Amino acid sequence: MSSSLKLLRSAGVRSFLSYAGLFAACSLVATVLAYWFVADYQQRQAAVDVAAELEELTALAGRQGIGALTATVSARTSEAGDEVYLLLDRNGRTLAGSLGATGHAAIAEEGDIPIQPALDREAHAIHLGAARLPGGERLLVGRDTYVGQESLELTLEVFVAGLAAALLVAGAGGIVASRRMQRRVEAFARSTLAVMEGDMARRVPLLGREDELDHVALAVNAMLERIQRLMENLRQVTDDIAHDLRKPLIHLRQRLEAMQRPALESEDHSGAIGLALADIDSLLETFGAMLRISQIESGSRRAGFRPVDLRALLESLAETYTAVAEDRGDTLRLSLAGAPGPVIGDAELITQMLVNLIENALCHGPRGTSIRLSLDEQGDGGAVVAVADDGPGIPAAEREKVFRRFYRLEPSRNRPGNGLGLSLVAAVAELHGVGVALEDNRPGLRVVLSFPPVPGRRSQ
Amino acid sequence: MKLLLVEDDPETAAYIERGLRELGHGVDRAGDGHEGLMMALAGRYDLLVVDRMLPGLEGIGLVKALRAARCATPILILTALDGVGDRITGLDAGADDYLAKPFAFGELVARINALARRPPPTKIETVLRCGGLELNLLTRSVHYGERPIALQPREFRLLEVLLRHAGQIVTRTMLLEEVWDFHFDPRTSVVDTHISRLRAKLAEQGAAGLIATVRGAGYVLQP
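Top line first, the protein sequences correspond to chains A and B. Quick note on numbering: the working numbering labels position 399 of the first sequence as 399, and the sequence is numbered without any gaps. Quick note on numbering: the working numbering labels position 44 of the second sequence as 44, and the sequence is numbered without any gaps.
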């Protein structure tokens with residue numbers, strides 16, 4: 001019982017039932033209408049035939065006399081067919097014809113009898129017409145509509161039976177299809193349940209039919225992919241917090257504890273407080289950077305994307321950082337080639353990403369480092385921005401790891417910086433669909449940012 | 001100046017109030033959004049300092065309500081929320097400036113002074129002057145007395161901002177925001193580098209000593 005109730009609740013079965021019902025109702029209405037029209041046509045045709053024959057025979061009697069009429073009626077009566085006749089003389093005695101009691105009853109009345117259907121003793125419906133001849137004789141002509149009616153009724157029965165059979169077959173087919181659909185949906189639900197219980201790598205099965213369920217499956221899988229990635233990030237962040245943020249907090253505690261010791265003089269105090277404040281500031285900055293990176297990764301900034309002119313942005317940054325580089329004894333050059341159109345993104349984030357890369361080059365290289373900022377156009381119209389320096393570079397083995405939060409290369413361990421710069425670059429790049437590649441600049445590092453082409457723009 | 005501080009955290013409120021009183025400002029305090037709204041509408045304050053997270057009517061709502069009531073008093077929003085979009089939300093609501101906690105007190109003071117000093121919006125200045133120095137915004141030219149000074153666009157903008165705040169301390173953060181549109185802290189000395197170049201160019205034409213460094217706070221341009 002429960003499985004048939006479940007079947008009724010299925011959306012597939014419900015829609016099938018409503019379609020079937022509609023189809024059946026329309027068919028029945030059409031059938032009934034057809035029956036009426038054909039039956040009506042048959043009756044009218046019979047009436048026309050009867051009237052025509054009455055006229056013909058009456059005219060015959062008028063031309064050739066009763067004798068000829070009698071002979072004709074007898075001849076026609078003995079022929080097989082739907083026609084029935086009755087010819088009575090003026091006293092009511094049968095001259096020819098086969099109509100029995102009915103005919104007599106009909107003729108008993110005076111005057112012309114309107115054409116109407118009547119029943120003879122075998123209960124067939126007969127269309128009758130009568131005429132009175134000048135000599136007082138009465139002539140009756142009739143059409144037996146039995147065959148026509150029978151065939152009409154047979155057709156109706158066959159049709160209804162066929163409809164019922166079709167509905168049954170369709171019903172069975174519908175139930176089978178619904179069951180199959182239900183199984184797919186259940187597989188769907190099982191997969192998402194497994195994900196909720198912690199199996200983040202699980203995906204919803206696709207049947208490759210590219211129908212509606214497959215479309216939904218694709219969308220759900222994309223969502224699950226994203227959830228998995230977000231959870232990975234979250235896990236990584238909490239790991240990082242546990243690992244790398246405790247260290248400065250421990251230092252801070254030690255510093256403050258040392259300040260409690262009575263041996264300290266007031267000047268040392270204010271110096272120590274200054275250092276402690278600096279520790280706290282750098283911690284806050286790190287937290288702030290982590291928060292920003294998480295926000296960027298969450299993707300909510302996409303809503304505010306606008307066209308950004310990379311060329312103008314790079315020119316502006318070059319103007320700013322050429323001076324900064326000079327003061328540090330380094331050089332910065334800008335080279336602009338091609339004219340890629342504006343990219344769609346967040347100007348603030350792109351600026352920060354580029355600043356991070358430029359400042360990395362400035363901070364990690366020795367005095368005299370030469371930095372090159374460039375903009376190029378790719379074959380597909382996408383822009384390519386590169387920040388290249390001839391500093392120490394990044395060894396090939398570490399290039400994957402540097403994007404991780406808090407990762408520092410050994411030589412830089414003690415330099416200022418919190419190891420989040422490249423994580424932010426990675427987050428902003430990911431948000432914009434920009435590819436990031438770290439290459440060996442021989443010597444030094446070359447960071448290549450490949451922007452996706454804006455649709456509708458082809459390179460000249 | 002007469003200031004209204006709307007802040008529900010007693011420690012932060014006491015800290016700000018004490019600091020501002022020491023500078024000679026009059027400070028009134030409101031502990032929640034509704035009280036703040038009523039006091040702001042009733043009193044005549046030169047500036048409002050509003051915390052974003054408030055019980056009752058929250059900071060953004062308070063700002064919107066005040067602007068809807070045609071209150072044109074400058075508003076500075078304080079908040080622990082420093083997300084990439086939060087600043088824009090605050091400014092869109094009608095606030096004039098947005099400062100993230102924790103902040104250096106000097107930063108707060110500099111921004112308060114900058115806001116309170118803004119000229120009424122109907123007056124559009126095309127020429128900024130200070131102590132013999134003249135900056136023309138229409139012709140994009142700078143003169144010291146009769147002598148022209150050639151500046152790069154960035155240097156021009158830097159001088160423009162300092163002139164607009166002439167006599168007031170402008171912090172590095174404010175300069176990064178207004179001149180470079182950087183809403184983050186760069187690791188290198190972007191501001192200092194450009195200030196020193198600007199000073200050199202001014203000194204070349206005899207306008208030395210106009211820009212002073214205030215240790216731990218920022219820069220100030222004065223004759």
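Hints may be right or wrong, so weigh each one.
Heads up, simulated SDA-like pairs for lysine to any residue below, C-alpha to C-alpha not over 20 angstroms straight-line [as the list claims (entries may be wrong)]:
| no. | chain 1 | residue 1 | chain 2 | residue 2 |
| --- | --- | --- | --- | --- |
| 1 | B | K101 | A | D327 |
| 2 | B | K101 | B | T79 |
| 3 | B | K101 | A | L284 |
| 4 | B | K201 | B | R154 |
| 5 | B | K201 | A | D327 |
| 6 | B | K64 | B | G26 |
| 7 | B | K101 | A | S282 |
Footprint (simulated), chain B over chain A, 3 or more residues, beta carbon under 8 angstroms [unchecked claim]:
| no. | region |
| --- | --- |
| 8 | 355-365 |
| 9 | 442-451 |
From chain B, some residues computed to sit far from chain A (all C-beta separations above 12 angstroms) [claimed, not checked]:
| no. | residue |
| --- | --- |
| 10 | M39 |
| 11 | A42 |
| 12 | G85 |
| 13 | L108 |
| 14 | V190 |
Calculated directly from the structure, the hints in this document are not laboratory data. Source: prediction; values computed, not measured. Cβ coordinates follow ideal geometry from the N, Cα and C atoms, glycine included.
Hint numbers not upheld by this structure, sorted from lowest to highest: Hint check: 1, 6, 9, 12 and 14 fail, others pass.
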